[in-house]
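Asker: What follows is each chain in one-letter form.
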Amino acid sequence: MKDKKQKIKAKQCPKKLEMRYSVFSAVCALFLIFNLSFLISAKAFAAFEMHPASARLPGRGGWSIADDSLSSLDNSALSFDQFNWEAGRVNFYGISELNGGFLSLQIPSENNSINFIYSTLKFSSVYRESIYSFALARPMTKNLNAGLRLNAYQIDITDFEDGIEPRTLYSDYDFALLFKDKYFNFGVSLQSLSSKSVRLKRVEESADAAISYGVMFKPVKGAVFGLDYESGRPINGGLEVEVADALKCAIGLRQNIFTLGFSLRLPRCRLNFSALLHNDLGETYFISVSGI
Amino acid sequence: MDGKLYAVFGNRIMRLCFFSSFVFCLLFLMPQDAAGGPYHRISVDGNLDEWAAGEKIVNDSGDGEVMNKIDGLYVTWDADNLYMGINYKVDGYGILLYLDSDYGGLSGQSDLTQIDTWNKGAKFSVDGFKPDFMYGSWDGDDGNFYEIRSSVTASWISAPCATDFSSDVPGTEIAVRWDTLLPSGFPPGTRIAVFAALCDGLSLAIDAAPNNILVSLPDVDTCTIVDCDSDNDGRPDRLSSSDFTISSIRMPKLFSPNSDGLNDSLAITVAISQSADVQIKAYSIEGKKVWQATGRLSEAGELTVTWAGRDFSGDFLKNGIYIVNIRAANASGEEVYENKAVAIIK
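If you read the sequences in order, they're chains H and V. Using the working numbering, read the first sequence as starting at 1 and increasing by one per residue. Using the working numbering, read the second sequence as starting at 1 and increasing by one per residue.
In case anyone wonders, no lab produced these hints; they're calculated from the structure. Be aware that a few hints might be false.
For lysine-lysine, the following DSS-like pairs were computed, each having C-alpha atoms within a straight-line distance of at most 27 Å [as the list claims (entries may be wrong)]: (1) V:Lys288 with H:Lys201; (2) V:Lys281 with H:Lys201; (3) H:Lys122 with V:Lys69.
Each pair of labels, with its calculated beta carbon distance range [said to hold, decoys possible]: (4) V:Asp168 with H:Arg199: 36 to 42 Å; (5) H:Leu150 with V:Arg296: 39 to 45 Å; (6) H:Thr158 with V:Ile249: 15 to 21 Å; (7) V:Asp315 with H:Leu103: 32 to 38 Å; (8) H:Ile235 with V:Ile249: 33 to 39 Å; (9) V:Ser313 with H:Leu169: 49 to 55 Å; (10) V:Pro188 with H:Asn279: 26 to 32 Å; (11) H:Asp280 with V:Ser155: 28 to 34 Å; (12) H:Tyr183 with V:Glu335: 42 to 48 Å; (13) V:Asp168 with H:Tyr229: 50 to 56 Å; (14) H:Ala244 with V:Asp315: 48 to 54 Å.
Think of the CB as a built atom: it goes at the ideal place given N, C-alpha and C, for glycine as much as any other residue.
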């Protein structure tokens, strides 16, 4: 009897250790992030503020830090079970000269998940912002993912006066943690790390690092809602509900803009649409096609 | 089996709850305009200079703006209120305005010779015109609004009224809520009728708008009818003046507010087809307002406003794309807007 008890105890030990190790790493990570948050100020650079990477995310308010399925520029810790892609376009506030486009790929591998995003925002022929972003996510424990994203930024400006840099390139990286559970997720994302000052003409501007937190709740199958918070900015939040087997509807608030969206499953693809309804500026429309 | 059924239906019910909240939020947050927003909101101050020409329903042009004469009657509305204006001046006299809120309907009184309030011997012989409300003011005071409850009683009701004889377009303005005038709702095809007359200490006298056809005051054989719901949709009609547009906006696509003397500010030139109040606002691409200016065009033409690329606190804005929102409102309350993008490169 005593031998049997000892055998069971011996079997449980590695599991207990593994659990303790997970909790310890999660606590350490959170402690590190908590401390870092005091050193990080809000983003100062106004370029790349609203780069599209998905048409489903804006419809539910744009929150994505704790999301566990859709690729975004804010959540590098996202891991995938299956290959997915999304390509789409956006028109801002009905201004025909102000458009954006994006392409994202979610590639699962044995231990890691790879996410590539190309996103561009173009204003007529005079100004263009582009991001090339590559993320690697890795499960640390059963519930905890860590992710690293490398971003390369490009700003093209027409040569409208002396001293303008017609092409500016710079880069930075993001680090994110995503804790996943059955009913809720929690995520934290450290963005624009190691970015340097950028000069487009005469004045140097810093693209300061930022820290964002997100939660996602999954109260029932087919319904999710979540929030993203970044210091000094309004909260993004919203919900997405699968109202029929092939149709998902979403509403939300993004930077105080009311958002709406739907996603319709078609044979072999999914059609996604979102509208951001601004009180004064009118509507911004996102449309995309994705794999799943 | 039961557990499976509960799982399936429980989940469906929860999803239904979420969807209901989705629809509720959709309706709750729907832009006010789509739910019947204001058409022309009048500021009730007794100065009638903000009324559009099309809102003058009686033009007593033979009188002119002279003392103890009524020059015109104005009517307009928004989703909440009916506004009435009387262009006149008096010295030692009063004015009465009679309103039938359901012209052609059964309610109201045609004989007010026994009424206990503002009894000026009025008797109405126009088919369908039975006033159920009246306004009275003596010698330029702000006056009061009354509901005519029977042929002998009228009771005061709360409605903003103001008189100003010192303004460019002198007279009285009155605002009354639709739900005061029509407590059981706005019936499709609603028509109102109005009549105004000056009075002395005893009876209606001197001048009226519209002018009587055959009889003499205090008898009344005319009124002016206004169709408030010509499309029979059960809502006050939207007022419109179709040629009101922003004809053009001229502004550069980039500027560089960095104090180097080159393109340091943005000149925004707006051409508008009518006189209008103009608001120009700048937003970040995320939709956050960063700057605002206002201007007024007294007639069709151009207005130029300059933006120095600074925010409300006077700091230079960061590099990036900004949206300039130009919004113009004419005297009828019709509003048009246009968005333009601009890039700040410092």
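Asker: Confirm or reject each hint.
Answerer: For each hint, the structure was consulted:
1. V:Lys288 with H:Lys201: holds (25 Å)
2. V:Lys281 with H:Lys201: holds (25 Å)
3. H:Lys122 with V:Lys69: violated (63 Å)
4. V:Asp168 with H:Arg199: 36 to 42 Å: violated (55 Å)
5. H:Leu150 with V:Arg296: 39 to 45 Å: violated (52 Å)
6. H:Thr158 with V:Ile249: 15 to 21 Å: holds (20 Å)
7. V:Asp315 with H:Leu103: 32 to 38 Å: holds (36 Å)
8. H:Ile235 with V:Ile249: 33 to 39 Å: holds (34 Å)
9. V:Ser313 with H:Leu169: 49 to 55 Å: violated (32 Å)
10. V:Pro188 with H:Asn279: 26 to 32 Å: holds (31 Å)
11. H:Asp280 with V:Ser155: 28 to 34 Å: violated (43 Å)
12. H:Tyr183 with V:Glu335: 42 to 48 Å: holds (47 Å)
13. V:Asp168 with H:Tyr229: 50 to 56 Å: Check passed, 53 Å falls within 50 to 56 Å.
14. H:Ala244 with V:Asp315: 48 to 54 Å: holds (49 Å)
Checked against the numbered hints above, the structure breaks hints 3, 4, 5, 9, 11 and satisfies the rest.
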